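Spelled out, the chains give:
2 protein chains.
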Amino acid sequence: MKPILRKLFLLAVASAFGGLAMGQNLSSYVNPFIGTKSMGHTFPGACVPHGIVQLSPDTDTIPHNVNGAYQKDVYKYCAGYQYDDKTIVGFSHTHLSGTGHSDLGDILIMPFTGQPKMNPGEAGKPRSGYRSAFSHTNEQARPGYYCVLLDDYGIKAELTATERVGVHKYTFPKGESQKMILDLIHGIYGYDGKVLWANVRVENDTLLTGYRITNGWARTNYTYFAISFSKPIVSYTHVDREKQKYSGFWRKFRSKDNFPEMGGRKIVACFDFGESTTPLEVKVALSAVGTAGAVNNLKVEAAAKSFDALAAEATQKWDKELSVVEAKGNSDQLVMLYTSLYHTLINPSVYMDVDGRYRGIDHEIHQADGFTNYTVFSVWDTYRALHPLFNLINRDRNKDMVASMLAHYQQSVHGALPVWSHMGNENWCMIGYHGVSVVADALVKGLVNDQPLALKAMNSSANIPYYDGIDDYRRLGYVPFDKSGSGSSITLEYAYDDWTIYRSALLMGNDSLAKVFRNRAMSYKNVFDPSLGFARGRMSDGSWKKDFSLLSTHGEGFIEGNSWNYSFYVPHDVRGLMQQMGGDRIFVQRLDSLFSMHLPDEFFAHTEDVTREGLLGCYVHGNEPSHHVAYLYSWSSQPWKTQYWVREIMNRMYRNTIDGLCGNDDCGQMSAWYVFSAMGFYPVCPGSNQYIIGAPYLPYMKVKVGEGKFIEIRAPKVSDANRYIRSVMLNGKPYAKAYFTYDDLKDGAVIDFEMASKPNKKRVFGANERPYSLSEEK
Amino acid sequence: MKPILRKLFLLAVASAFGGLAMGQNLSSYVNPFIGTKSMGHTFPGACVPHGIVQLSPDTDTIPHNVNGAYQKDVYKYCAGYQYDDKTIVGFSHTHLSGTGHSDLGDILIMPFTGQPKMNPGEAGKPRSGYRSAFSHTNEQARPGYYCVLLDDYGIKAELTATERVGVHKYTFPKGESQKMILDLIHGIYGYDGKVLWANVRVENDTLLTGYRITNGWARTNYTYFAISFSKPIVSYTHVDREKQKYSGFWRKFRSKDNFPEMGGRKIVACFDFGESTTPLEVKVALSAVGTAGAVNNLKVEAAAKSFDALAAEATQKWDKELSVVEAKGNSDQLVMLYTSLYHTLINPSVYMDVDGRYRGIDHEIHQADGFTNYTVFSVWDTYRALHPLFNLINRDRNKDMVASMLAHYQQSVHGALPVWSHMGNENWCMIGYHGVSVVADALVKGLVNDQPLALKAMNSSANIPYYDGIDDYRRLGYVPFDKSGSGSSITLEYAYDDWTIYRSALLMGNDSLAKVFRNRAMSYKNVFDPSLGFARGRMSDGSWKKDFSLLSTHGEGFIEGNSWNYSFYVPHDVRGLMQQMGGDRIFVQRLDSLFSMHLPDEFFAHTEDVTREGLLGCYVHGNEPSHHVAYLYSWSSQPWKTQYWVREIMNRMYRNTIDGLCGNDDCGQMSAWYVFSAMGFYPVCPGSNQYIIGAPYLPYMKVKVGEGKFIEIRAPKVSDANRYIRSVMLNGKPYAKAYFTYDDLKDGAVIDFEMASKPNKKRVFGANERPYSLSEEK
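Chains as they are written, first to last, in UniProt numbering: chain A, 1 to 778; chain B, 1 to 778.
No wet-lab data here; the hints were simulated from the structure.
On a predicted model such as this, the values are computed, not experimentally measured, just so you know.
You may find that some hints are simply not true.
Copies of the same chain are indistinguishable here, so a pair counts whether it falls within one copy or spans any two.
What the hints assert, rightly or not - Each computed DSSO-like pair below joins lysine-lysine, with the alpha-carbon atoms no more than 30 Å apart: (1) K709 <-> K86; (2) K117 <-> K761; (3) K256 <-> K641; (4) K456 <-> K299; (5) K456 <-> K231; (6) K256 <-> K456.
Could you put together the complete structure from these sequences and hints?
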């Protein structure tokens, strides 16, 4: 008997073209499959907003390296799922959303029938392991719920989740014994060799507890679990793929069957529940603290409820969370908007037990005092738009995220805010110390409780001598190319980060510290070659790197971007940057060229993390260093070009298809860019209070910024043709500035955009209307 | 400059022949080198009574297996130190005392001068690694203090300890930079491959924290540490011998030098403190809970005190602990007595932080509620005499040990009391469920608080169907040879264990449970072949194993003993055993034969864990199953033979030499046998209240059994010649029984032994004077 599944892939949106999305069923506008093919690196599985459990199918298991050789496909499986795959290995409980580095995939469960196969098998060899073929025809997903038919077994697998519990419902064919694999070897970032230790206890016939410690991208990740079953285990067994060092242990017990304490580095267990007419429900609670914590999480969040009740609750949570936005648009536009909003609400994730205990960056157990602890801080990405978005629509949560980052700082032996941290580990991915930007943006917006601690954390993070060239940066004013291959990127980003510390120190009246960081914030100039007006690799002796290429993203002093792109990275002093380039005319010419130049083929071949659709000329939307660039026209004499290119990017690079994301979603940064840009403004320089006006994307949006407080964005005439702003009204009054401030928006506002098919070339911004630049500061 | 060291090996005892040992300096009677050569498996390093830190030199590092092949020398290095070795690898902080299986050796430190060598090197290749040559001429030890000159470096190394802190004092040659290796790969039971993960944080220039998780004999052992230095670190570095999986981490920091967060499976770190004229003091606190726990342990126990003050305190603690015994004897006798007492006071070890938190057998963190938690339960050995000894001289501590065992039971997924457990792990070594005996002996003596819990734990431990043949044992009445190669040993020991449960149930008025276990206690009969009157391997079908050898210890149904020895293992029903053998005459003949038979050479070759000196005829004192056997004459018509053989064993098998122990000391069991036997009585059947009278060894002993309560044992005429008892007086009254009871002794007693050169053959015991036998129970 095959259960009947409803296909939801290109979902039928209730509203027709031009409909208004609001109210109770906004989840129906979300297509969790967007980004699951190619580079988006999103996953289609079940989670609730910011939950630590992301229960999702993994479609292959790629070892990180085989005989010492790095496996390129590891990158492809950052989220565990690739849409083109034909088999599902199983359902694991932790996933990163949209990252460019893979990890997690903890605690994999796979239901099956028949003879147990204690290994996943190979994708190309049907029935070589416990994995199963599946078809997208029989696959369905909505926020908080995922469902698929496992063809090899005829099992309907349904998944849902609470914050800390993954919930499975398996409907088996009649007459088959109901069985389940628990594979503790499985993981994303390597099937083999990642697990340091795993342990399982069969506490009773409906409860397992255990843990595993992995050495993946998170260097030492502790995942404790409690697994409850809706029916008693009849029998169980396990294998340990690694030879036991002390064999006496097993000699005594004569058998690996039904022995309730399994331990090893490579454990695969198998549980048999016997024949039955009712589905098997499995609840898997996670904790980073211990198995008692996991049991308690299970009890508090899920114990008393059925799968169906929990699945309904999960979707309700999403409906509520998504209801912060009402919007008018066509079906694809609404799906893209709500899917983007959905993607901004997955990471960071709650990282503490229901009792407030969590594992810190020091691997010690801490009690969260007055805040909810979060993890998964992809800060190089998310400082740009994701945290600023939260500061508008999710302030309480961002307050807790900042508190979590400050706790991280206090536990860090380096005295550092997060760089790229997850699951109580710092993986130091990418450059800068942008944690200071996240903290500063919250501080400036009044969302930091302990301001002196915040400033201390920022100052400390910016002064770790051994961290990524900081010693050289402090001494020379830049990170030299001969010391770091990314030196000029680093210098540009440090300069911006330092500006956020300057602003915070100023706000708190610490003038001496402000002065230090004001000076450092000007360091960007030290990597601008005055003969070119472009940023360039620079040597320790002050000379410029020879044989320089503006286009190459490799070996020129930049990372995930070339000089063409990185030369626009001075978000805190755009007018100063303009001077470096040679004034307004050249600045605008260069922006124009960036978006329209014809690129040689080899450029694409060497550009990381983006699809070909992720390029507009030399503009690379799939990598974050460009995210603010389209908005830079607002500082120039031709601000309307922002209006043109932002819409172009939205149309081309965010599409309601499975490969609709032009690059990694990067824990919601790509999506946060979309949500902001759809509203018609964007935080080019977090840590300032300004949002640079682009152009609204939809005729109507209403965004909740507090209880009973809304930003209404009205642009009834907007369309691809009418993409230009004729005029702006704020709360009914004509508005002439290039930006809104936080104060304009934080308690709600009504913004009326009059749109037109031609740019309003009179709408240019003088010194009093232009956005902030450090060089112009009084 | 070589520091001048005082040789203490064969220590000059203050008192001359026949002196009285009492008062303040009893530590001076202890020779920590006894047992460090050959099979004793004791260590010479520094610890305090029952402290978790045993800081001791390791003289070699033997991998457990090389290319899959087991390395026999692993056994030799159970305690890390072998007296014949010429080099010291370093000083590690945890050791087992006298075991027959190796483990621990955690957190190895080695001071050095000159160029760092980041590996231990090989014993046969001078200066091939950081290890150093040393000479016993320059080595010294007393309880709580160890000192050696490291010849390769001219460094005087001194060690002392508190319960949870190892303290080092290194006096370097003038003009040399003071340096130190921290080797987190090192461990006993394998230099390589045992470590699952290690982590070090340089918190500041005088404090390290970190941990390592090992998979040794203890399957998953968590050792957290905090290390403080008396002077600031000038610079440091480390290597990781295992290739990093994620290389990006190190790319960012460009160097492994002075990077304050080291992590990996194979970490060796090196610290440089610069040149100085003062010694370097290092304090290493351990915790199984976390680094914060270790820091707190350091603070509470050792932070404010100098090495010299802590060393003095350590020896004072020993003096106090040893002062429970006063004795008269010659120098060798007193050294042997106090060294034995010393060895009984090392394991079990305190296993909790100063705040009462500890890691349980479930790997979770628990708070010890109203007791001190202990670990290292070598129960198969120590139920015999060590715990019974504590029940006389160390009741509070044994009460806590039993409470620890009950907590272990509550945390065990098997519902089992400890079998052989250490560091929050059960390694299931050896046979039986003798935890029930330890609990019962304490219960019978009123030393268990929660008696219902105790009985529940005993009943549960004896009914785990998958444990070592229990299902067969319950079904057939014995563990068949075709199911377990040790089946008859197991049956005999289960029968005794069951008797202790019977007695406990009876005491608590649970008659139905008592009846069940009374029946089970008679199971020993099921492995006695009536045609031989010897215990024998038996098959599932009831037939006896063919081709049976009474002498072989291998392949006959016994473990660490042959049928000759094991056939005497019915401590709870000696009179019943006598019937099995054919009555008193044959029983006595067999005992005589056991002690005097001439053995073929191949017997010795196959006997485990004992030296040739550990044999008397076929009697194997180095293995525990015989420990009670010399006392069995007391149930017979010729009790004086006990008096002869006990003295013979004491003289031959406990000698004041480095190889003076005839077999593994087994966490103090061998030594506890000695202390009991020296007093003139022995607990043949723990769980009863009887101590079987042997003969006093010394002219005078005074043993403290409580505040102001003493057992005085007076035998002024005793000598090797006058080894026989003429008569006994208890508290001044003639005493005719074969045993003392707990009630006789627990509040103190005066025992007068009149000794003679010939046995008093009239001193035989009728039905009313004989010790307990289950068969004779009314």
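Hints, verified against the model:
Taking the closest pair of Cα atoms, K709 and K86 never come within 30 Å of each other, the shortest separation being 47 Å inside a single copy and 80 Å across copies. For a Cα distance limit of 30 Å, the shortest separation of K117 from K761 qualifies neither inside one copy, at 69 Å, nor across copies, at 73 Å. Taking the shortest alpha-carbon separations for K256 and K641, neither the intra-copy value of 69 Å nor the inter-copy value of 49 Å comes in at or below 30 Å. Taking the closest pair of Cα atoms, K456 and K299 come within 30 Å of each other only across two copies (27 Å); inside a single copy the shortest separation is 39 Å, beyond that limit.
In the homo-oligomer, the alpha carbons of K456 and K231 lie at most 30 Å apart only across protomers (28 Å), although the nearest pairing inside one protomer, at 53 Å, exceeds that limit. Taking the closest pair of Cα atoms, K256 and K456 come within 30 Å of each other only across two copies (27 Å); inside a single copy the shortest separation is 54 Å, beyond that limit.
The structure does not agree with the numbered hints 1, 2, 3 stated previously, though it agrees with the rest.
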